[in-house]
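Asker: Sequence:
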Amino acid sequence: MNIKAMPVGPIGTNCYILEDESSRQAAVIDPGGDAPRLLAALKGLDVRYILLTHGHYDHTGAAAELAAAFPGARVYIHERDYRNVELSLFPLQTQLSSVDFYGEGDRLPLGDLELQVLHTPGHSEGSVTLRCGGVLFCGDTLFAGSCGRTDFPGGDTAKMLASLRRLGELEGDLQVLPGHMEDSTLSRERRVNPYLRQALSGGF
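Each number in this note's numbering comes from the position in the sequence shown (counting from 1) with 171 added on.
Simulated from the structure, these hints should not be mistaken for lab results.
Hints are not guaranteed to be accurate.
Simulated DEER-style distance windows between Cβ atoms [as the list claims (entries may be wrong)]:
| no. | residue 1 | residue 2 | range |
| --- | --- | --- | --- |
| 1 | 174 | 275 | 19 to 25 Å |
| 2 | 363 | 240 | 36 to 42 Å |
| 3 | 276 | 239 | 29 to 35 Å |
| 4 | 175 | 356 | 17 to 23 Å |
| 5 | 373 | 175 | 35 to 41 Å |
| 6 | 362 | 271 | 36 to 42 Å |
| 7 | 317 | 194 | 34 to 40 Å |
| 8 | 337 | 271 | 20 to 26 Å |
By construction, the Cβ of each residue, glycine as well, lies at the ideal position given by its N, Cα and C atoms.
Could you build the full structure based on these sequences and the hints that come with them?
Answerer: Structure representation (structure tokens):
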């Protein structure tokens, strides 16, 4: 498994390129902008998926351009965010001709790898965390030392705390790859993240 992180778009959203090295199959997670840079980084890879952790524009801005460049790639988003046109400055319904929906428990094969979908609402109704082995692609749910905002349309503080608790209770010291800022680990976040600590203490 090879993971390349690329800050993209107007606010430096973390886009991740996940590659199964044996097959060179790849998934692009949260292509928030800078399509030319992403296309250059994806050269030579078999792009199978464009995966959106939620529907905000800073995570979806280059999705349409990548979908046009890789017509065989499937674009996935949770249906609740796709239907909520308030989430994005550029509603996905007007950008993408074909979209697939994923949700809790779905699994996507990528060569010898597999991504598991965890529905983690709070930042938005359709926010998901994508797990691949010991790695969590958290979107705007769990950050290093913080968590995503809940004051946007579809946000909900109680649901955010429930989602944080769910992530915090996962077994093992998983790697946390968030939508913004630096990466972390679950063990570190259990120790120092006040929002995750509140969630784990039952502070709803």
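Asker: The structure should be examined with respect to each hint, and the outcome stated for every one.
Answerer: Against the structure, the hints come out as follows:
Here the CB-CB span from residue 174 to residue 275 is close to 23 Å, well matched to the stated 19 to 25 Å. Between residue 363 and residue 240 the beta carbon distance is about 40 Å. The supplied range of 36 to 42 Å therefore holds. Distance hint check for residue 276 and residue 239: the Cβ-Cβ separation is about 30 Å, which falls inside the suggested range of 29 to 35 Å. Separated by about 19 Å at the C-beta atoms, residue 175 and residue 356 satisfy the suggested range of 17 to 23 Å.
The hint said 35 to 41 Å for the Cβ distance between residue 373 and residue 175, and at roughly 38 Å that hint holds. For the pair residue 362 and residue 271, the beta carbons lie near 37 Å from each other, so the given range of 36 to 42 Å is met. Restraint check, residue 317 to residue 194: a C-beta distance of roughly 36 Å satisfies the suggested window 34 to 40 Å. A hinted range of 20 to 26 Å holds for the C-beta pair residue 337 and residue 271, which are about 24 Å apart.
The structure agrees with every numbered hint stated previously.
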